[in-house]
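What follows is each chain in one-letter form.
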Amino acid sequence: MIAEIGFFALLLALAMALLLAASPLAWSGNEDRQMMALTRPLMLAMSSFVVISFAMLTACYVVSDFSVATVAENSHSTVPLLFKVTGVWGNHEGSMLLWALILAIFGALVAVFGEGLPARLHARVLSIQGVIAAAFLAFIVFTSNPFLRLDPAPAEGQDLNPVLQDIGLAIHPPLLYLGYVGFSVAFAFAVAALIERRIDASFARFVRPWTLTAWSFLTIGIAMGSYWAYYVLGWGGFWFWDPVENASLMPWLAGTALVHSTLVMEKRDALKVWTVLLAILTFSLSLLGTFLVRSGVLTSVHAFASDPARGIFILAILAFFIGGALTLFAFRAGDLKPGGLFAPISREGALVLNNLLLASAAASVLIGTLYPLALEALTFEKISVGAPFFNATVLPLLAPLLLALPFGQSLAWKRGDLLGASQRLLVALGLALFVAVALRIEHGGPVLAPLGAGLGLFLILGSMTEIATRAFPSGAMLSFVSARLAFSRALGVPRQAYGSALAHAGLGLTVIGIAATAWHAETITLMSVGDARDVGGYTLTLTSLSPRQGPNYRETVANFSIAEAGVPRGEVFSTKRVYTVRGTPTTQVGLMTTGFSQIYASLGESEPNGRVGVRLYWKPLVLFIWLGAVVMALGGALSLSDRRLRLGVPARRPMAAAAPPAAAAE
Amino acid sequence: MKSVSRASLLALRALTRSVVALTLLLASALDAVLPPLRPAFAVEANEMLADPALEARARTLSAQFRCLVCQNESIDESNAELAHDLRVLIREQVNAGRSDAEIRAFLIARYGEFVLLKPSFSKGTFLLWLGPFLVLAAGAAMIALARRRRGSDALEAPLSEAERARLENLRAE
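From first to last, the protein sequence lines are chains E and W.
Letter by letter, the first sequence follows residues 1099 to 1764 in our numbering.
Letter by letter, the second sequence follows residues 11 to 183 in our numbering.
Pulled out of the complex, with its shape left as it was, chain E reads as follows (with noise of 0.2 Å):
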């Protein structure tokens, strides 16, 4: 019965998101405030449905109803709770749902928040998510029906896969798809905006914080997989560049661009062209990401699905909105009128040079991402772009964008003066390089790896300048007597500021942390118990090898002890383990952390001799790499509780005096 339940609420939702869609047709050409009035509660209406049909969905995972052919393929009575309900969408059917139940969810929280926005355009934002929620539902109702039933019903499940057993992919996914389609939201405004011919500051307002929550939960969810790939492939690598990761990197480096193009357009009136184009290619990557994943194009761990109905069916979906939306700019482009001007000396010069460069930066990976299918389909001739052409090609775009960041943040809108700039940057610059000197001559290397130190002390320092700048305008007292003042300048200093400055540094931490990875020292090695090997200036000792039994799992533990110097510093436990069900071999890693770097212990082989293979590695500073985007997130999170930025997702105001003169002086 839940599982009928589940589908005839999909089959509701999929009705609803139909009449939504229609709904434009039903006022058209007139002013029925009543007729657009529904497309508010049609949205509610649509989201319950989608949140019931996925509770249902949930409920069948965790009383382990077999009879449900997604519950006897992706789930088994003994394992845990947590990864009964992370098996919803650990295959392909459940998380085509829990996209959109997220979908959902941004269209109720857009319907609930956007009570303020001109009544036309609220409609008509509401009626393009429609569209988008139809077509996905009708994709799971028609190729991906999470709800099919077996008959008979096996009396056992067939096991979640045992890679995704892990609380950090189980959450990963939903943080994941809460950036892409978070985007949406940033997508259905800018393709409202285009058929009202209305594109202004005010749009930018409207959009920019729920691009800013996409990017924040999108830079999480690329964290979260990242440091999930690290411990669990066995020898601490962190970014693969697989074509997996590499969609969500596009509509990430697209939606970083966005959050920085629709800043310059809220508070100058100027890039709105190209922020409306932006929004919708932001968002088509996001579909793009989903699609490459979804429709097993690519085979990888992450695409569970290989069946080409979904995969035209997808692509019948990302050419509709994609050509669609793209058709669309081009009819309406034109009758956009240029804003506000600038000096190319100035904050907004320094945005477009970043929004070259990420943009540049996205088609890089897109362009290695896809060319080896389309020369494979064109040509018949196989080849691979791994690595070595993402580290050659989106290195040397990002590289002069991270060095001209610090500067691009302390321009002035408008007119900037670059010396004045470089003055205030000059001790931060300074230290930066010296720093990377000293840690060339200390530890050797690479090059590029002290300079990439350097680089991100660079953006710590330079963050902290611009807060400094700020909050100590020239003129202001630094004394005992103003302390106060300076304090309350401090205060005064706009929460945006903070947060951009605080995810600014966050990027330069990520940045240390990768650059540190070129100092990973790394011990390959056979060890007996008893052994000792030596790591990056720890002794690791090998006390114990022995088998134990998990609740779906038997595994051998190694446990090894940790001395510095001879002084103990503590213990790791690694583990190969064996899923019983499926047979699949997994290794859980030791981590010992200290600081902001950690030991890492893996277990390889046994010999037939008693002797274990084992990798040992010291990891220095590595925490940075995730920590960085954590921090980053954070600044997101704070510039998006900036209260002036809250008058721009107007609470009931209209849209004329949503937009004051003020903010714009910032």
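Heads up, some of the hints might be wrong.
[Said to hold, decoys possible] Derived lysine-lysine pairs resembling DSSO-like cross-links, with alpha carbons at most 30 Å apart:
| # | chain 1 | residue 1 | chain 2 | residue 2 |
| --- | --- | --- | --- | --- |
| 1 | E | K1512 | E | K1435 |
| 2 | E | K1480 | W | K128 |
| 3 | E | K1480 | W | K133 |
[Unchecked claim] One side of the interface only, derived from the structure: several residues of chain E facing chain W at Cβ under 8 Å:
| # | residue |
| --- | --- |
| 4 | W1333 |
| 5 | L1473 |
| 6 | S1482 |
Note that these hints are calculated values from the structure, not bench results.
Ideal Cβ positions, reconstructed from N, Cα and C, are used throughout, including at glycine.
Since the structure of chain E is provided, determine the placement of chain W on it from the hints.
Showing chain W alone in chain E's frame:
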């Protein structure tokens, strides 16, 4: 330039000091944790060559070849059976005194260009290699074009109502 007063110099000095202190802190933290350089990959212990120089060559080589059954992983990183076989194969050849170029040619002859993680620059791949920079150049050209067009617009654009009003106010002051 009255604003460049003693007070602002003080402020600047305090700022500089705090930044220096923080940097030294960060630098010393960085310094404390960094041992000398070693690369890090996923080869098994029992595959490795005894001679460190030959082993290092084998590692560098195997990072360039794709594990053919994996998704963009090099044979050095992969845990797959095939990757293991290829790692052993490369080490056999390194031991036998073959040069890097010979081993590379051997693998390409056996598995095709597909085995290279870094595709060679050829008739089929020049768009791949040049694409990102073409996009960059096209973007830059479009920005330059837009600026030129706007530049001429700006000269002719009359003041808006609001700008005129502000100008009047300024004049009145």
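Check: What are the numbers of the hints the structure violates, in ascending order?
Finding: none
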